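The lines below spell out each chain.
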Amino acid sequence: MRSARKLRLGVLLLAVAVALVILGPLLWTLPHDAMDLGARNAPASLAHPLGTDQLGRDLAARLFAGGRVSLAVALVAALVGTGLGLAIGLAAGMSRRLDGPLMRLTDIFLSLPLLPLLLIAATLFRAPLASALGAEVGVFTLITLSIGATSWMSTARILRADVRSVMQRDFIAAAQLVGIRPARMVVFHILPNIASTLSVSAALAAASAILMESALSFLGLGFPPDLPSWGRLIFEGTPHLGTYPGRSLWPGAMIAITATGVTSLGDTLRAKAIGN
Amino acid sequence: MRSHALHRLAMTLPTLLVISALIFALLELAPGDPMAQLPDSIPESVRADMRAALGLDQSATVRYALWLRQMLVVEPSVALDGLLGTDLAAGGPRILSWQTRAPVMSLIAQRLPQTLVVVGLAYLIGTAAAVALGVWFAARQGTALDRAGTGMAALGYGLPPYFTAAVLIYIFAIWLGWVPTVYDTTHRVTGWDSAAVQIRQMILPVAVLSLQTTAQITRYTRAAVLDALGQEYIRTARAKGLPERRVLLGHALRNSWVATLTVIALGAPQIFAGAIITEQIFGVNGIGQLLIQSLHAGDLPVVQTVTMLIAVLIVLANLTADLLIARIDPRSTHA
Amino acid sequence: MLARLIAAAMSLCLPATTFATNAPTARATDGMLRLYYWQAPTTLNPYLSGGIKDIEAASLILEPLARLDPEGAMIPWLAREIPTLENGGVAADMRSITWRLKEGLTWSDGSPVTSGDVKFTLTYCMTAGSGCAQQAKFRDVMAVDTADALTAVLHFATPKPYPYGPFVGPQTPLIQAAQFSECLGPSAASCTAANFAPIGTGPFRAVEFRPGDTARFDVNPAYRTPDAPAFGSVLLKGGGSAETAGRAVLETGEFDYAWNLQLSPTVLDAMAAKGKGQVVTGFSTLVERLALNLREPAPRGSSTSGPAPIPHPAMADIEVRRALSMSLDRAAMTQIGYGRAGRVTCNIVPGPPAYASRANDGCAAQDIEGAQEVLTNAGWTDDNGDGVRARAGRELRFIFQTSTNAVRQDFQMLAKEWWRQIGIKTELRNIDASVFFSTDPGNPDTLQRFDAHIQMYASASDGTDPEAYLSGWACGNIPTVRNGWQGRNVGGWCDPAYDALLEELSATAAPEDRAALARTLNDMLVQNYVVVPLVDRGRVSAHANTLEGVRMNAWDSELWNIADWRRAQS
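Line by line, the protein sequences are chains A, B and C.
Each residue of the first sequence is one higher than the one before, starting from 1 at the first, in our numbering.
Each residue of the second sequence is one higher than the one before, starting from 1001 at the first, in our numbering.
Each residue of the third sequence is one higher than the one before, starting from 2001 at the first, in our numbering.
To be clear, the hints were calculated from the coordinates, so they are not data collected in a lab.
A few of these clues could be false.
[Said to hold, decoys possible] Covered stretches of chain A (chain B as the covering partner; in silico rule of three or more C-beta atoms under 8 Å from a C-beta of chain B):
no.	stretch
1	37-47
2	115-125
3	199-207
4	254-260
If you're wondering where the values come from, they're calculated on a predicted model, not measured in any experiment.
Glycine included, C-beta positions come from ideal geometry on N, C-alpha and C.
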């Protein structure tokens, strides 16, 4: 009962955020980079429900555009992180030979000062990636890859333990006796048994990716000014807190809603998994 | 048990070496120029000369070897010399910051108190609150209080700290004027009045940071206590007619200590990570601010050394957590 | 009895208070002065840093022979007078300059300041391995003669019509020979104690220095003016952001002075409206500009030793460059990006007033129709209706790059829009400042490599004399593969007539003639649209209403007259 209610709340929050971001632009067609120099720093009005910024760009449109960037970062970074964690967890759990070295690697990564390293990577590799892939794709790749590459460890550890326990079950021994190929075994026997753990990890990774991206943007190391994410919008809006509070409050609320929604979704999934 | 501890200890040094190589390589691969911030009226030939004076004309391997030697030999000897009055360092080259030309370790020594006072205190308050709330929520499991509490914890986790901080600064420092906007690192506590000033300037950063810590650790404590409450001996204790308070604090909490302490020990180095953002917002010039400042100025010796220092702390915290678990809970030794 | 005592006490107090309000302040009577430098100084030795924040902080302690006042005029500081050709201080062959120190000057430790310190300061900077940031200022000095304890003669390798490089301005102050004698060459860096607390002649001396955080100063007891400075101590606080700094002075009044408030104009105006302090601005020569690349950028990934550059078919046409400039609304840009910290400029040398040309003022007005006409007349037309003009199959599509920075990205957006209106398609690119402004010849994204058609950045003339600055556009200063991408003529413009005028400038000594030549050179650059000046960027700081005596100075240290600052009597 309790978990059902929490699930509903989490899903509701998430649904609101996602719907706003995906459906918003359909209803609100103003492009986020269209300038209206006659209406700079305008207050909320019918033409601009959240007002405009110093170039007369519509803040509602920028909020939606920022959401797309933030959610895309969350999705891709979670995929990268969970994917890496899954691969390493599977390999370590299934192979006795790889287990030692892989777990040592996981230990080393767990001992790395992640936020400082993320900051270093985001500062120092921004330019080369941007010149190789273009400014927007480069920064996107940089941020998602570096968040993903520093968030796979707990997933790997948990999945290894899960895979281990699955491997000790009778049906695995039977499958091995029959001579089923490892790839087939992973897909048909192991993955179904660790799916719930995997989804919990992915949800939590997505929540922390949103927060991490916004932290990087806040420190001025995230997306460039012409590609707004929620974090970037807060960063731009904070100095105006006294004069135009909406500029940072709206994106701040969106981040809080989304991150809280995804986290409680993950929590509920975990509770269900344990219950089952 | 002892062999396990020794094994863990023996693994520490190679782990740190690998980490140091990783950090150095990451910084080495990256482009960027410590001279990029200078006014453009300074010509390139002068910049080249300044780079040479920083030792940047040496090869990367030479600089890595030098850095390792400085970290492992020179700096510890300097520290010993300072303590014992010996002369072990004998004028060996210390790690110098490019920006200030001062020893990095003395910069860190200047910054550390600020970080420890503000961020350390926040962690203490945060964990204490988390343990208390976790037990409380667990005892009232399923009630409106528990639901509201866990909901708040989820929200506390989802609120970006820099955003909460900006809003709090605006309300309390600018609007109401109750607390200063600028953190004074030279402030000395000498009496009640100066202590009040110190508390006023610390209250916002400590509040923001401990809120975050509480939000994260409450969930673990609550889960651990709930787990313990489900065990056989709790039922025995209840059956014996022990008051619920004693069951909770005497048995359940004591038996969930392992899990809670592990989370707290593992989380301790995150103090420094959290410090990076909080210090930046509140102008507390501690370790985190030093890292950001050096990163922006391309002062690589400082960045390397601070990052490495945090890595050492994390490894030590992991080791402590491991040994703690092994000591309290012998079952986990060979898990 | 008690009443009589009180009366006596009052009679004692009264003259004292009237004295305080009428006379100029006495030394160290106004308590602590609190300065906020959000980019905190990292050393107090300006020779080892070159950063403005460090030079400013050091200027409380270290002083040069001459300073520049807020109008950019030279004023003697530690020297008795400014040496000139007329007073014989500058030799007729312009190969030497004779500086004479004021009499009775002492360092804060009480020892006398001598010409030996002048000579030592130069030796300190020029000794190999020191990594001194101000070498360029001393480079042409061959020898220093110390005729007597107060006279230093600087001999130059070549005739110097403008011999005021060394020891003028806050970058090259005097340091004490006795303190730094062990710190020559490579050991300069290891003299941490001296670098963090140099002994100087200025109104204050260092008490405590925490790099990147706080510096504390107290009064120099040996300061030459007996009743100055009015403040007994100075706290210089760093860290946070420009926003924190502005707030602490203008909104909460926690600090007296906030330096370098690079804030969005709306934010700064809102802060100033609180009425707790004043925003002060000063202008020198820092100009935000567009550089136009007259050469075809090498295709990406091509070998670095390619053939000689070929002119860009569109950019080499002056009418295209003219249209690019005409379509910009500089007033709107200034208002959006800089507010009171900027003013529209049509010159690359915007000051001092004698050097600023008045010939180009027309650029201030935006003229979209005019720009369209210019392009049409030059044969650039949009025949295929895609909104982009073309001539002989070449479309007007440009890449516009700058460093990553909120104001510059706003400017890029604005320019892109205005250029779209005249049929020019722009692709925007922004590059991290640490790379864009680096001088790494291997990196294609630097200012020097200019791997784009248009780029935006700011640059300034060092000091008031623009000769060195203007020589940046000489033919020999074009960055190429062969010279390792060095030089400041990034657009690749070359005009022998310009080089000839530069030659003339380097042999002209009379200030009016130099100014006239500099204006002509400025006009050549601007009227050929080699550079498109946008905004004259000033320094903007703020001080509390309770602080008096601040005279904002963009030519020298902002703290140049801190000895005269005092607390307002309320």
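A quick look at each hint next to the structure:
1. 37-47: Our answer is that it is violated, as 0 residues pass the Cβ test (under 8 Å) against chain B, missing three.
2. 115-125: Holds, because 9 residues of the stretch 115-125 of chain A bring their Cβ atoms closer than 8 Å to Cβ atoms of chain B.
3. 199-207: violated (count 1)
4. 254-260: holds (count 6)
The structure does not agree with the numbered hints 1 and 3 stated previously, though it agrees with the rest.
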